[in-house]
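Trainee: Chains A and B, in that order, are what the protein sequence lines are.
The numbering used here applies: residue 22 is where the first sequence begins, and numbers increase by one.
The numbering used here applies: residue 5 is where the second sequence begins, and numbers increase by one.
Any given hint might turn out to be false.
[Unchecked claim] Derived DSSO-like pairs: lysine-lysine, alpha-carbon spacing no greater than 30 Å straight-line:
#, chain 1, residue 1, chain 2, residue 2
1, B, Lys-372, B, Lys-342
2, B, Lys-230, B, Lys-342
3, A, Lys-309, B, Lys-185
4, A, Lys-153, B, Lys-419
5, B, Lys-234, B, Lys-342
6, B, Lys-175, B, Lys-342
Just so you know, the hints here were simulated from the structure itself, not pulled from any lab data.
Just so you know, these numbers come straight off a predicted model, no measurement behind them.
Here's the letter readout for the chains.
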Amino acid sequence: MSKDRDMSQALLDQVNQALRLGTALRIQGGNSKAMLGRPVTGELVDTRNHRGIVSYDPTELVITARAGTPLLEIEAALHEAGQMLPCEPPHLGVEATLGGAVAAGLSGPRRPWAGAVRDYVLGTRVITGHGKLLRFGGEVMKNVAGYDVSRLMAGSFGCLGLLTEVSLKVLPQPRQCLSLCLPMGRQQALAALAEWGQQPLPISAACHDGEALYLRLEGGEGSVQSARQRLGGDELDSGFWHDLREQRLAFFDDPAPLWRLSVPIASGALNLPGRQLIDWGGAQRWLKSSASAQSLRAAVAQVGGHVTGYAPGEDSSAPLPAALLRYHRALKQQLDPQGIFNPGRLYPDL
Amino acid sequence: MNILYDERVDGALPAVDLPALLQALHQALPDLAILHRAEDLKPYECDGLSAYRTVPLLVVLPERLEQVQTLLQLCHQRGVPVVARGAGTGLSGGALPLAKGILLVMARFNRILEINAQGRFARVQPGVRNLAISQAAAPHGLYYAPDPSSQIACTIGGNVAENAGGVHCLKYGLTVHNLLKVEMLTVEGERLTLGSDALDSPGFDLLALFTGSEGMLGIITEVTVKLLPKPQVARVLLASFDCVEDAGRAVAEIIAAGIIPGGLEMMDNLAIRAAEDFIHAGYPVDAAAILLCELDGVEADVHDDCQRVAAVLTQAGAREVRLACDEAERARFWAGRKNAFPAVGRISPDYYCMDGTIPRRELPRVLKGISELSEQYGLRVANVFHAGDGNMHPLILFDANRPGELERAEAIGGKILELCVAVGGSITGEHGVGREKINQMCTQFNRDEITLFHAVKAAFDPQGLLNPGKNIPTLHRCAEFGALHVHHGQLPFPELERF
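Sequences and hints are given; from them, build the entire structure.
Mentor: Given below as structure tokens:
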């Protein structure tokens with residue numbers, strides 16, 4: 022029996038009641054991204070009953086689904102048609118929902134080559150801080166009418182409104198996929214990635230764990246095979262990338278706090294206390310370290326990057342420059358004047 | 005309804021004491037280039053949408069960030085509207101001046117600040133031309149992917165403001181997909197950095213919000229774009245069809261075969277004939293439609309995909325499929341498409357270019373609707389179509405010297421956009437709303453959605469001094485536009501479901 026249900030009216034009613042009573046709302050799907058941001062106190066809005074794929078036409082390369090739809094269900098439907106979400110959003114829990122994936126804005130190992138979640142968002146339906154269910158963007162590839170409110174929702178952690186439906190661009194799965202393991206040191210791996218990045222090689226994921234460089238090649242038969250010949254190394258089970266995305270590699274077992282470092286792709290090796298795992302071809306570094314957030318942030322800012330803590334609390338979201346924070350507040354004030362949506366999830370007073 | 009700024013429906017603009025403003029500008033910015041004589045202002049009265057003209061109050065041509073900053077502070081204090089402009093190639097009137105506003109021309113910010121091959125980015129000033137970035141990156145085997153057809157002239161600042169597209173969007177994305185960072189000045193002259201040198205940045209994705217905001221939220225002062233490795237090879241297939249529906253189906257079949265072409269363009273018979281007459285590209289002038297399919301990437305993959313696509317095209321009913329035999333022929337095939345607009349300009353005294361997007365499956369229905377409208381209004385329409393991503397460019401042929409034809413062209417253009425919205429599409433895929441489609445915004449969005457857009461604007465520019473009247477209509481304008489509709493009778497295409 023289908024579990025698909027359109028509960029948008031109930032969600033709208035709940036928001037309108039919160040607006041009348043001035044109640045803060047804590048928006049939650051599968052609660053799989055609770056380690057990010059700050060804890061929110063408020064009445065629970067559970068999106069999981071509002072679920073189901075609304076439309077999916079593989080030849081249009083667009084899928085539209087309700088926010089509470091499990092990511093697994095979306096991926097299964099795409100897989101059946103030979104397609105995929107190129108940004109590979111991490112689930113971090115079996116109950117992860119589409120709405121949560123978009124609101125968190127996290128992207129998997131293909132990010133530097135294929136783009137982030139926000140790059141695939143074509144349209145959204147959003148319940149706003151004025152108690153209206155509105156539609157932005159749509160199901161077409163190109164749409165520059167009005168401000169891009171849909172992409173603004175990606176990564177906003179529900180602080181600007183309640184997502185009820187999302188349309189995403191999807192792509193065909195690559196014809197060939199092959200993963201490699203090349204033993205080499207960190208410096209050598211980063212230098213090789215910097216060089217290969219300037220060449221039309223079919224690399225779609227690159228990770229280094231201190232011992233070896235792991236590469237995924239995706240494309241047509243010809244390009245994948247010729248790159249494989251050229252790069253050498255041993256073949257690797259492609260499940261590695263799933264484990265990396267879901268933080269299931271042995272690296273993540275270390276009990277020290279986990280930090281995500283987002284840095285310019287050619288930053289080179291970063292000398293920081295703790296253990297590091299390089300992802301995104303160098304643009305994302307996972308760090309297991311007991312160092313203070315402040316000291317890590319200062320070091321990473323030197324190379325033009327920022328640090329996210331993967332434990333709920335004050336140290337999770339990277340701080341914003343004062344001027345930028347002021348415009349964040351102005352935007353929040355305009356779109357959620359009563360401050361009912363996930364107050365404080367990203368920053369205090371936001 | 006007139007699309008020039010109308011204070012009655014678009015909102016009152018503050019009166020400006022021109023001599024006092026000029027004096028203040030001279031005093032605060034003694035070395036700023038300011039144009040104020042009628043003959044100097046005239047060349048700036050329009051952008052690429054030349055049917056609409058307004059002579060600006062003043063034109064300023066700053067060369068340094070501090071000048072722009074001081075100018076904005078001064079205008080903010082005095083309540084003077086500011087319209088930003090790059091090369092002025094935009095097709096929707098996004099840089100159409102205001103009689104009571106300053107036109108801020110950013111074209112002199114034309115330096116490429118950094119090409120970083122290892123980091124795969126280019127850091128440039130906003131007045132740098134789109135193509136100049138790819139030219140500067142070429143020695144490293146890199147390029148900047150978005151390629152609007154005006155790329156030899158248009159500036160990157162304008163591209164960001166309009167979220168410009170081009171013929172390779174399906175595979176390589178729009179401007180928004182190819183940016184890392186934008187440095188901007190707020191209406192108060194405060195510096196903000198949106199995005200970062202990394203692939204993401206903390207907080208809300210203001211870079212995404214800002215891209216395509218048409219100069220309404222801030223002034224761009226520096227742009228960092230991503231560079232990509234140049235594909236090894238590119239090949240083009242030209243397929244001719246006896247009916248447009250088959251061509252439309254062929255597009256869906258190519259996608260269904262798991263192939264994302266670098267470019268996938270369609271032209272209808274009128275566009276084919278105009279282009280062939282002008283460029284002699286070797287197009288079949290008796291075909292109902294042609295498809296141009298470009299496949300790019302690594303040699304071996306491109307070779308295989310060409311064979312796959314050729315088979316799909318034949319299967320879908322193409323009567324002929326030709327692979328460009330060499331680089332010269334490939335360039336010729338593309339020249340016909342890239343010159344389709346001027347080619348149409350040769351067969352008609354004037355033409356009006358539309359920019360709607362639709363779900364691709366609706367193509368046959370929309371083309372039929374356009375041809376019915378064409379008959380009804382007595383104006384020819386040539387269709388050029390970014391078929392891969394559903395972006396249509398119907399070209400309405402008219403003669404502005406014949407009384408009433410411009411108005412008829414505008415009217416049919418509006419109807420075509422409303423048709424796009426009715427089938428689930430958008431009134432603009434890449435040209436922007438500007439002034440041109442300000443009325444049709446009222447068709448695509450309801451009053452609550454438009455109200456939310458105004459709230460976004462208010463977060464950055466509460467007084468509404470940056471590019472007033474563009475992109476988002478006032479509710480007053482929508483009310484008048486809606487009233488006009490009812491007055492003229494039924495909504496278009498009553499048989500279509502509205503959503």
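Trainee: All hints, please: hold or fail.
Mentor: Evaluated hints:
A C-alpha spacing of about 24 Å is found between Lys-372 (chain B) and Lys-342 (chain B), which places the hinted pair at or below 30 Å, so the restraint holds. Under the criterion of a C-alpha separation no larger than 30 Å, the hint pairing Lys-230 (chain B) with Lys-342 (chain B) is consistent with the structure, at around 24 Å. The hinted pair formed by Lys-309 (chain A) and Lys-185 (chain B) meets the criterion: a straight-line CA distance of about 28 Å does not exceed 30 Å. A threshold of 30 Å between alpha carbons decides the hint, and for Lys-153 (chain A) with Lys-419 (chain B) the separation of about 28 Å falls inside it, so the pair holds.
For a cut-off of 30 Å, the pair hint linking Lys-234 (chain B) to Lys-342 (chain B) stands: about 20 Å separates their Cα positions. Under the criterion of a C-alpha separation no larger than 30 Å, the hint pairing Lys-175 (chain B) with Lys-342 (chain B) is consistent with the structure, at around 18 Å.
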